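Line by line, the protein sequences are chains A and B.
Just so we're aligned, residue 331 is where the first sequence starts under this note's numbering, counting upward by one.
Just so we're aligned, residue 331 is where the second sequence starts under this note's numbering, counting upward by one.
Among the hints, a few may not be true.
With a Cα cut of at most 16 Å, we get these calculated EDC-like pairs of lysine to aspartate or glutamate [as the list claims (entries may be wrong)]:
1. A:Lys396 - A:Glu354
2. A:Lys896 - A:Asp637
3. B:Lys351 - A:Glu522
4. A:Lys623 - A:Glu869
5. A:Lys351 - B:Asp637
6. B:Lys693 - B:Asp675
7. A:Lys907 - A:Glu564
8. B:Lys537 - A:Asp339
9. A:Lys596 - A:Asp637
10. A:Lys678 - A:Asp637
11. A:Lys693 - A:Asp675
12. A:Lys623 - A:Asp659
13. B:Lys537 - A:Asp745
14. A:Lys537 - B:Asp659
15. A:Lys694 - A:Asp402
16. B:Lys351 - A:Asp848
17. A:Lys351 - B:Asp339
18. A:Lys351 - B:Asp550
19. B:Lys693 - B:Asp339
20. B:Lys896 - B:Glu548
21. A:Lys678 - A:Glu373
22. B:Lys694 - B:Asp675
23. A:Lys769 - A:Asp745
24. A:Lys537 - B:Asp675
25. B:Lys769 - B:Asp737
26. B:Lys351 - A:Asp659
27. B:Lys694 - B:Asp339
Quick caveat, the hints were computed from the structure, so don't treat them as lab data.
This one's a predicted model, so the numbers in the text were calculated from it and none came from an experiment.
Listed below, chain by chain, are the residues.
Protein chains: 2
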Amino acid sequence: MAIDRDLTDPALRGAAVAAAKGTEPFDILIRNATVLDMVTGRERLADIGLVGGLIASVHRPDAAAKAQTEIDATGLHAVPGLIDTHMHIESSMITPAEYSKAAHQRGITTIVWDPHELANVAGLDGMTYALDAARDAPLRILTLAPTCVPSAPGYEVAGGDFDADVIASLLARDDIHGAAELMTMQPLINGEPRVKGIVDAALASGKRICGHARGLSERDLAAFATAGIETDHELSSADDLMARLEAGMTVELRGSHDYLLPDFAKALLSLGHMPQTVTLCTDDVFPDDLLNKGALDHMMRLLMQVDLPVWWVYQAATLNAATRIRRPDLGLIAPGKRADLLLMDDLKTVSSLYVISDGYVIKKPAFDPTVATESPARSTDTGTVHPDDENRPLGDSVKTNLFSPSDFEIAAKGDRARIATLSKPRFPDWGERWVPIHKDVLTLPDDMMRMAIVNRHGQYSPVRVAFMEHWGQWRGAYASTVSHDCHNLTVFGRDSTDMAIAANALRDMDGGSVVVRDGAVIASLALPIAGLISPQSLEQVAAGFAAIRTAMDEVVDWQPPYLVFKALFGASLVCNKGPRLSDVGLVDIFEQRLLERCILETAIDS
Amino acid sequence: MAIDRDLTDPALRGAAVAAAKGTEPFDILIRNATVLDMVTGRERLADIGLVGGLIASVHRPDAAAKAQTEIDATGLHAVPGLIDTHMHIESSMITPAEYSKAAHQRGITTIVWDPHELANVAGLDGMTYALDAARDAPLRILTLAPTCVPSAPGYEVAGGDFDADVIASLLARDDIHGAAELMTMQPLINGEPRVKGIVDAALASGKRICGHARGLSERDLAAFATAGIETDHELSSADDLMARLEAGMTVELRGSHDYLLPDFAKALLSLGHMPQTVTLCTDDVFPDDLLNKGALDHMMRLLMQVDLPVWWVYQAATLNAATRIRRPDLGLIAPGKRADLLLMDDLKTVSSLYVISDGYVIKKPAFDPTVATESPARSTDTGTVHPDDENRPLGDSVKTNLFSPSDFEIAAKGDRARIATLSKPRFPDWGERWVPIHKDVLTLPDDMMRMAIVNRHGQYSPVRVAFMEHWGQWRGAYASTVSHDCHNLTVFGRDSTDMAIAANALRDMDGGSVVVRDGAVIASLALPIAGLISPQSLEQVAAGFAAIRTAMDEVVDWQPPYLVFKALFGASLVCNKGPRLSDVGLVDIFEQRLLERCILETAIDS
């Protein structure tokens, strides 16, 4: 994180007390703000005096108060800086420095970052990159230790391997905020030694342990919580929400599954209050969504659109979040708290005219002549790395052989084969099908398509191929090194030639995403940092990613809410319920099933 | 505190997970409880499974679940164990072991104890006694480091002297929970080096810093908060309550000033929700009140009587409290939390049939055959010290000379004297009066009475005497070594002979309280531990104290709410606003005034 100014400094406290008393000037005085109080839920007119990184006073408007710099907040609402309690910067495909800029502009002053993707690709080198970047970014980035590297040990091979000892050594660092989302639910509940060791190491550290409780309910959910897991953001229904609240878990409501929000709102409204354990998060935001819709601010607008009271939404994003992440210095506009606050003319827009973090004015309207510019030491120039920078970090991350179309065919002898298939995107089920064998390979039925994964972390293992049902009619191929959670090289398509072209293009680009149609690359986005992140600006990455989306619209007819572009990124998310393809084969960790090949039996006709 | 069972123990977590899953039995299974959920505010039927000190599962009633021991909670409500966020055991005049028993019977499973009185009498020896007692008591006692020893340096002399170095060394201990109520408000706001050093040391420790913000408002309150103080319980109006909530402070609502509760309730009801920063405390409870009315449970009943919703009251006493004292293991009946919970047949009675703390059944109905008795290691035998125990701790605490009636007279030359008087109990003001001088001493006017204080901590300084107005018509004397906050020997009365008899009786008893009328002791309570605490049982101490009260009813006609028995204990509370008598004289720390003698001028008539 940006190194927070030290609020225990006796001189700072002395100066703040003197300013609060009125015997010394404030550094910054925000006059006549309408403060939305996160404790009472009421608004009141107040002056807010800042000294260094502290809010020194919040008092009735007092013309006699003095300050070095004044901000006239007449007509403006003041709220604490927003806190995103669970997210992965990597999903926005930009550097932490670039994310920092975007977040600050949107009033987000603190994020809790699980650099899970970087760790799965680059192991401890990925953590070093993440922690260095978090330290250097102006945004307050609280970095977690990823607990699932890989997310399904034995069922996939990642570029890192974090056992209990690694987790313990990470958690011993001051710049590690806690243990990140524990996704290996069933192994933990079953007492599998590796994951139990990881959780026990986290418990011993005394730091927070975040969770991922997709699909868990009743006794399984209780087992997950009693193992030591505190949080969840994987809600797929209002029942899930209520079950987690009742289990005493901190809920990180997310906007990424926005079709669920009306149900969440209804459930919360029925309680008559916003539970103090509800916080908000973004989890994963694509670069074009970040640019065009926003991050946590977008999530908050969505919640207001489904009629949650404005102050509940802000309370969840500020006070509740601060409390649950154990940062009592954050989340309130009150004396003695850290000076993170926003001024906006309409709370419903979640759009700030002024953003102040740690006492620095990060954003201000161009027209305001009263505010001094921020300290040069606090420049928001994030030093974007140029694509051709020689010192590009975490490069050369696509370690595979060259691909040929035959890599994407499934070899078989005989006339017909009974195969295990993957049925349905997002909530996959096992399927079965008899398919013809032609020239010693399986014939892809007309209603199906192929998914292929190959390890890119130096294993040089065979390409694994699955046939999938209910994934639409594909007219080309898509390949990406962004493929949760091991981010092995993943290819979707019908035609094995298109698929090979896409995979080789990715290899040449050192990672990213690429769309192929009729034998030609029609869109590509290079992500040369770990195959996940671009060194370019958000605007550039968003444009590149939007081009991928547009190209994909030509390749597939999407059928929301399940068959959507986003489903491509989670199709390999082995830790979740149901069958998935990984770099070791077709796997289902809930059923503890692993098929290196999809063929169950073959038959010879005639 | 009773050493909490270690919830980070891998074997414990493993056993809890197995029990939650249903593959192993629970240690204790509470069937068919109606759980009041502190997050949602709703009640639901559930089974609660415990393993060791953990709540392993809270699930829909499931007849198939197995356990070593079962409790049939059909028709009973389950709530988390109650948490008293601010209190002084010494005020109940019993040992921590004895308090522990009383608290547990009343469903209180955690208290935050400021052993401020012991420290003011016995310094670090008092802390050793407190920490040893807290460790040995079955109750979870979170001990704070008293920050005001004495509470008004320079204006009184205590038996201990805790500067910043002492505070830092105390806060470095694992068994010190935080810094106790900082009462030296004006010195802190004025930047007085000693108190600022104490607060800065506490900030550096990273632990909680509790407060006492009596009478502070507006800019002064902001200054107090921005100095680093987090809490307050000194509310004297609903405006005070709202101001502290708006200042982001944790409010510790207390029952000791119960005439304020209707206003507090009205203010909270107008918000439409219970703010998450509201907690409940007892502060000071006399022994007879503890026995007959209760402690935090009494406070909760009072709040329900003024129409606060039942679940708000429990939320404040459990989840809110746990969160604000930074103990995420407490305050909820949920898997993974510490097994502190109560079962009762009517939530409004706050009277528990079962009390479970740290997984031990502390209290159960006599008629219940299904519950195994608690582990012998967890006996509630508190080892009450006998009055004649040779190893009585903190004895010989009344270090004064023998008293004669002349010690309570004010010597003067001349015919008349203009004197400074103390006017009004509880919220004292300065007064002035011309009084006659007869035989070289001031004549006490008919409408006034005397208060006298003498240091009992080895100073052997002169007895200080003040004349007081609006304190009623006294017909005897009262003397005590319980006299906030230095607990010097304090005597009230009209007749100097009665006062000397009372003071000498106290000296002989090694501390306590005594009532004298017409030259004879008519009631006494010995408090030989530091002059504050009796080694006897609560029942015995309550009876002794009740006898003092009854005797005092003969001596004074009380006029509530200000002229009340309790006012005698705070008459020397120098840290508060207004003039008080201390062992150094008449003092007013807000006005920075100190008069060794009350005489302002004398005159000779004729």
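Evaluated hints:
About 8 Å separates the Cα atoms of A:Lys396 and A:Glu354, which keeps this hinted pair within 16 Å; it holds. Taking the CA atoms of A:Lys896 and A:Asp637, the gap is near 26 Å; set against the 16 Å cutoff, the hint is violated. Our distance criterion of 16 Å between C-alpha atoms is met by B:Lys351 and A:Glu522, whose separation comes to about 14 Å. At most 16 Å may separate the alpha-carbon atoms for a hinted pair to count; A:Lys623 and A:Glu869 meet this at roughly 13 Å.
Simply put, A:Lys351 and B:Asp637 have alpha-carbon atoms about 38 Å apart, too far for the 16 Å limit, and the pair is violated. Only pairs whose Cα atoms come within 16 Å are accepted, and B:Lys693 paired with B:Asp675 is accepted, the gap being roughly 14 Å. Between A:Lys907 and A:Glu564, the direct Cα distance comes to roughly 12 Å. Compliance with the 16 Å bound is thereby established for this hinted pair. With a CA separation close to 15 Å, the supplied pair B:Lys537 and A:Asp339 stays within the 16 Å bound.
In summary, the hint linking A:Lys596 to A:Asp637 is supported, as the alpha carbons are separated by about 9 Å, within the 16 Å threshold. A threshold of 16 Å between alpha carbons decides the hint, and for A:Lys678 with A:Asp637 the separation of about 11 Å falls inside it, so the pair holds. Straight-line distance between C-alpha atoms of A:Lys693 and A:Asp675 comes to about 14 Å, which keeps the hinted pair within the 16 Å bound. Between A:Lys623 and A:Asp659, the direct Cα distance comes to roughly 29 Å. Violation of the 16 Å bound is thereby established for this hinted pair.
At most 16 Å may separate the alpha-carbon atoms for a hinted pair to count; B:Lys537 and A:Asp745 exceed this at roughly 73 Å. Between the alpha carbons of A:Lys537 and B:Asp659 the distance comes to roughly 12 Å, so the proposed pair stays at or under 16 Å and holds. In summary, the hint linking A:Lys694 to A:Asp402 is supported, as the alpha carbons are separated by about 12 Å, within the 16 Å threshold. With a CA separation close to 52 Å, the supplied pair B:Lys351 and A:Asp848 exceeds the 16 Å bound.
For the hint linking A:Lys351 to B:Asp339, the alpha-carbon distance of about 49 Å lies beyond 16 Å, and the restraint is violated. Of the supplied pair hints, the one linking A:Lys351 and B:Asp550 holds, its CA atoms being roughly 6 Å apart against a limit of 16 Å. Taking the CA atoms of B:Lys693 and B:Asp339, the gap is near 26 Å; set against the 16 Å cutoff, the hint is violated. At roughly 29 Å between alpha-carbon atoms, B:Lys896 and B:Glu548 are farther apart than 16 Å, so this suggested pair is violated.
For a cut-off of 16 Å, the pair hint linking A:Lys678 to A:Glu373 stands: about 14 Å separates their Cα positions. For the suggested pair B:Lys694 and B:Asp675, the alpha carbons sit about 13 Å apart, so the restraint of at most 16 Å is met. About 9 Å separates the Cα atoms of A:Lys769 and A:Asp745, which keeps this hinted pair within 16 Å; it holds. As the CA atoms of A:Lys537 and B:Asp675 are separated by approximately 38 Å, the hinted pair breaks the 16 Å bound.
Simply put, B:Lys769 and B:Asp737 have alpha-carbon atoms about 15 Å apart, close enough for the 16 Å limit, and the pair holds. With a C-alpha separation of about 38 Å, the suggested pair B:Lys351 and A:Asp659 falls outside the 16 Å cut-off, and the hint is violated. Of the pairs offered as hints, the one joining B:Lys694 and B:Asp339 is violated, with about 28 Å between alpha carbons and a cut-off of 16 Å exceeded.
Violation of the numbered hints given earlier is confined to hints 2, 5, 12, 13, 16, 17, 19, 20, 24, 26 and 27; the remaining hints are satisfied by the structure.
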